[in-house]
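Colleague: What follows is the residue order along each chain.
There are 4 protein chains.
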Amino acid sequence: MKAVVYKEPHTVEVEEVPDPRIESPTDVIIRVTSTAICGSDLHMYEGRTAAEPGTVFGHENMGVIEEIGSGVVSLRKGDRVSVPFNVACGFCKNCLAQRTGFCLTVNPGFAGGAFGYVQMGPYTGGQAEYLRVPFADFNCLPLPPGTEHENDFAMLSDIFPTGYHAAAMADVGTGDTVTVMGAGPVGLMAAYSSLLRGAAKVFVVDRVPNRLRLAEQIGAIPINYAEADPVMQILDANGGEGTDKGIDAVGYQATVPEGEEQPAVVLDTLVEIVRPTGMLGVVGLYVTHDPGAPTEEASRGELLFKIGRFFEKGLRMGTGQANVKSYNRQLRDMIIAGRAKPSFVVSKEVPLEAAPEAYAKFDAREEGYSKVVLKPAAA
Amino acid sequence: MKAVVYKEPHTVEVEEVPDPRIESPTDVIIRVTSTAICGSDLHMYEGRTAAEPGTVFGHENMGVIEEIGSGVVSLRKGDRVSVPFNVACGFCKNCLAQRTGFCLTVNPGFAGGAFGYVQMGPYTGGQAEYLRVPFADFNCLPLPPGTEHENDFAMLSDIFPTGYHAAAMADVGTGDTVTVMGAGPVGLMAAYSSLLRGAAKVFVVDRVPNRLRLAEQIGAIPINYAEADPVMQILDANGGEGTDKGIDAVGYQATVPEGEEQPAVVLDTLVEIVRPTGMLGVVGLYVTHDPGAPTEEASRGELLFKIGRFFEKGLRMGTGQANVKSYNRQLRDMIIAGRAKPSFVVSKEVPLEAAPEAYAKFDAREEGYSKVVLKPAAA
Amino acid sequence: MKAVVYKEPHTVEVEEVPDPRIESPTDVIIRVTSTAICGSDLHMYEGRTAAEPGTVFGHENMGVIEEIGSGVVSLRKGDRVSVPFNVACGFCKNCLAQRTGFCLTVNPGFAGGAFGYVQMGPYTGGQAEYLRVPFADFNCLPLPPGTEHENDFAMLSDIFPTGYHAAAMADVGTGDTVTVMGAGPVGLMAAYSSLLRGAAKVFVVDRVPNRLRLAEQIGAIPINYAEADPVMQILDANGGEGTDKGIDAVGYQATVPEGEEQPAVVLDTLVEIVRPTGMLGVVGLYVTHDPGAPTEEASRGELLFKIGRFFEKGLRMGTGQANVKSYNRQLRDMIIAGRAKPSFVVSKEVPLEAAPEAYAKFDAREEGYSKVVLKPAAA
Amino acid sequence: MKAVVYKEPHTVEVEEVPDPRIESPTDVIIRVTSTAICGSDLHMYEGRTAAEPGTVFGHENMGVIEEIGSGVVSLRKGDRVSVPFNVACGFCKNCLAQRTGFCLTVNPGFAGGAFGYVQMGPYTGGQAEYLRVPFADFNCLPLPPGTEHENDFAMLSDIFPTGYHAAAMADVGTGDTVTVMGAGPVGLMAAYSSLLRGAAKVFVVDRVPNRLRLAEQIGAIPINYAEADPVMQILDANGGEGTDKGIDAVGYQATVPEGEEQPAVVLDTLVEIVRPTGMLGVVGLYVTHDPGAPTEEASRGELLFKIGRFFEKGLRMGTGQANVKSYNRQLRDMIIAGRAKPSFVVSKEVPLEAAPEAYAKFDAREEGYSKVVLKPAAA
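Residue numbers (my numbering), protein chains in the order written: chain P, 2 to 380; chain S, 2 to 380; chain E, 2 to 380; chain H, 2 to 380.
Heads up, some of the hints might be wrong.
Identical chains blur together in the list; that is why a pair holds if it fits in one copy or across any two.
As the list claims (entries may be wrong) - Cut-off 20 angstroms, straight-line C-alpha distance, at most; resulting in silico cross-link-like pairs (SDA-like, lysine to any residue):
id, residue 1, residue 2
1, K94, G241
2, K94, P145
3, K78, P26
4, K94, S327
5, K342, P352
6, K3, T125
No lab work stands behind these hints: they were computed from the structure.
The shape of chain P in the complex, shown without the other chains:
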């Protein structure tokens, strides 16, 4: 089959690779119909990880079931399913506690596995024609047959649940005010999810006008931090009060308006803008090793953090990658009912074969490539 294969920093190619096959009775094979490129794929693409050449990328996958293991009971050939980016077993201590992002079974020695991602276990990615899904009864989310809502459903394997996870960790509820740092696809999904959960006002902080426009379109209040101190802008727009909740959808590659990387600036801004007793949901990535970090401490994942102020305000913080299974069923039902339409973030769809160009343009932040969905030919 054809698949997007990592060759070397800044190069992927679409190549023939062996078809996946049923390896365990609980596996299924799906024919991939949509598979999106994620911002986190760029970490590997840019060579800032230990990803080996030959890796097949792709963790935002959906498709139609082609082949079924003998131990699978709830799925049939032809079923259309969404596949969470996390691979999870469904029965370990963490999966039972609905923390499927930290499964203890699928990636021995580490809590959590994923498709097509370095150090996340032996699971080939789905930017390909076919994909093996382990523990299929647990990992596959059934979708209505046909092709309706395809790009909405494509958002269910990662960024919609990830944005929602941020809002859930920040405990966003009716009447809350929320600051979302970052208006990339995940930040937009976090803002969108905050509104779905009943937030009164959601401020979205970024400096890219296109992104801020999208934020405004979904009912959030755009704050351009390149124009003025975002803390002051939000205080002004919020009656002099900080927001109840804060979401970090940026992570360690945060930059100050001047462009310099300053890994803790987003967290520290949230500590300032969130009011006492508030809560932070952090889904922007913080890493334990970053060769490109501005300081030695930062390269080890240690950042200078305003913990004194955090404590004084009695703040709380939840972090980590999304447990997709905790949210994807509910969000699917919102899409089917016409109450959510997350495909508003999709900027382009292209054939699988166009992946190399799409990666290059996405990496160059070219307009129109902020969220690309690949469509394999077999689909």
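Could you slot chains S, E and H onto chain P? The hints should help.
Modeller: Below, chains S, E and H alone, put in the same frame as chain P:
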């Protein structure tokens, strides 16, 4: 009346000060029967804060009502009451959300007020014969008449709820394993509260043998970090697995075994020992200004924190001073029912007049002075 | 001042009564600007309660502060406020647990007090020019000055929080399907609140076409139970599955399509339509004494209830009048932010003097009188 | 193999039946080491259900793994495991929501399956030498090797989690007062669990002195309802106040002191004794069909219930069989840590062959047969 008055660093005296009087219809005056010295009083005592000479100390207060404002409806002269260390109004946004430690009314310009504490509002301390309690219907917790359980109830105004707050923020529940850093009075109360909430195993980390003995007596597992790496000791004692939850009852004045202050060492140890998906409750104090800090950043309340690892493990963290009103009623009922006896931490009771000596010996970490309850003569 | 006074069954008059005055330092007097007639006022109006002639009705009140007790600290003359229908102290065990509908202070011998309602304590109603509000710091919710959103804010003292309470007790969240029994003002508010909380689909069951049209306008799915079995209709519209949650906004005066009263029919319908593991929020009134009940047991508040099926399905149920203070601040903020507009249920506003006619027409279910807001002249 | 086979009302025999075998790749076969007789087995034993002759009883099972399907990944031959009474798939909507007692996969047409129980699916019981466990990775809870705590662990498959479920549904927490109706094995486990969760006082109501003695031994307060009105007794012992929470561990076969069956008496007693805003956890069985019921309505599972008072007090109620998987891991860890010892309810252990006698004596309420654990010879 007589009161404990701060004179200069390392000096308090028992002096005559004006009696408190009803200032608002919602005030009461209590005759103080027990008032404990808190570790946080030492910050002022040692001159490491902006506390002015003349300040009357004391925020761990209980007593009997002597005088009642005309707007008070639930209290009568002669009622025995516990008074939370936080002064709170009961009707602001934060009080309504049960975050009485962050009351927006009592200390204008800041979230939260307290008795007898620098920068926590104009509330004279209770290490004295009498104490004015504002918003008395809200702030006074009724106790059974008499003198039974006096020292147990004396723990209700601060350290028992503070320890419980740590366990609550860490969401300690049935079957959990917990690491508590610090076996001072608050750490012991956190361990004790964790057991009350149903923890299976509670590890308490300290290096003072007396404290560790107390931890063992209440059913916790003592870990002496001066003997070996506490992370390794706990992993060994916990089947190779980290604990589900972690509690920081030390704060920024943390020291490494060699004795050097290293403000983030306790937090970073918890990041190592708590297992993925775990939760931290932080009640050990982190400050925004510390003139005595080892680094310039630390003096501004910024610490190098292992945020990369924290995120990778999907950890969550709650911080800040306890909202005493959220817990003191329930804990009182546990004392009355004979199911909790927090006075096990009380090492000594002395007359109010002995406060200067008690402060000096507590500050010198002299044995027998780890938790002193003062007994004013009027009682 | 002028007030709506109950004279005898089916008769109220607007009469001169004594002006209220400050009775306690924690009171305020408000000039009433809007006061709505509630369905529960009809119980008294129809003579089906022990309400005495002379009672001043009115528990859905808002206005502007005219006079302030000496112990009130957060309010100023001229402040515009919403007043919850429950009178609550703010410091009893139930108020502290945010169950202000069951205050133990304000109505000795009973849990809960209210303005202008039989057996709910000595609090004169607000269908009048002025109203005394006890424990004013606690009970008054500040509103923006002016007259904007007046009828939206008028819904904050009862029916919007009551509808929200139903959704909260049923734990309605993102992606849920919900059945709301009853499309009167409270049922509509429950449906509206369910959507605000993120429900995917809300079915609203009634047989009055006007009400069902309103349900449809806010995005719910109308089900006319006079046309066919509502259980079947909902199963058909929900893919053959029961709904996740159910709300009873009807209560004991439920009728079958033939018109006969059958007090448990709404509850039993919910037991059928809510799927196993589901949850019910019951705000429709069930009483302990009903002289007009169809059976002797029902007259004592005992109904034949399908507890066997309830248990088999593992259902849960929350009941009781709303704790308005738990929700009114958040809902106010939704109104201010333009994210909620509950005044869609208001069918008419009339001067206070028109109350007798409004009561008569409301009681006769005349069109246009389903939700009337009275506007006292002093305002 | 040998198994306990139902022959006719009041008769079981130990007979040879075919050995179970792996039927699906996700199955395991265990050699049963302990299997307890449950009060709910008596419903079938007495012929009050549709159970067919030939049925093998037994849903409280534990043992050692003998054979493993090819799709099982977390278990090895020789592993000692506890098996929940509910059979569950682990991936349906209800299992994902941790409601494994209402699995939608294992018993088509019904929510929930169980071993050896009429209408709960095709799963042979474990009162036998061997047992097939479907979805074994999900359903088997690993235990430490050996034989330590055998009877404690034997309580993990049903009654300890069921008692805990009652306390969880009633949201029992620190400082709560609780009334438990019924001091049979499940009632005792509910009282025990309430204390583990931090209750201040637990009242246990029954009239069998032996049972009440056991309740007292674990720290609960025994209330003999045959001696005086239990509501009055509890009010007297609780300072005149009702309890915060209530647990029904009796169900529809409730009797009044005179001995007559009155199916709703336990529920109605809880409605009286639980204070306003309280919560009920109902694990005592209520059925949809009861041929032996005292009234026609009761035979259809409809009971006269004091819904008026329930509503007036703002009570809440959770019901249904336990979702064992939600609790058994945590309770296992409490046993291993020495913090829980549920085997205190075990009155006798006998060989599997003695099952007929044990059933007869248990059915006759003979002393010493209140909780019997069967020990198959193969173990």
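Colleague: Could you place K94 and G241 in one of the four classes (within, between, both, neither) given a Cα distance threshold of 20 angstroms?
Modeller: between (44 angstroms within a copy, 15 angstroms between copies)
Colleague: Since the copies are identical, ignore which copy is meant and state whether K94 and S327 lie within 20 angstroms (CA to CA) inside a copy, between copies, both or neither.
Modeller: both (15 angstroms within a copy, 11 angstroms between copies)
Colleague: Quick one: K3 to T125, C-alpha cut-off 20 angstroms, is that within a copy, between copies, both, or neither?
Modeller: within (13 angstroms within a copy, 48 angstroms between copies)
Colleague: Tell me, please, which holds for K94 and P145 at an alpha-carbon limit of 20 angstroms: within, between, both or neither?
Modeller: between (31 angstroms within a copy, 16 angstroms between copies)
Colleague: I want to check one pair: K342 and P352. Are their C-alpha atoms no more than 20 angstroms apart within a copy, between two copies, both, or neither?
Modeller: neither (22 angstroms within a copy, 45 angstroms between copies)
Colleague: 20 angstroms Cα cut-off: does K78 pair with P26 within a copy, between copies, both or neither?
Modeller: Both: 15 angstroms inside a copy, 19 angstroms across copies.
Violated hint: 5 only; the structure is consistent with all others.
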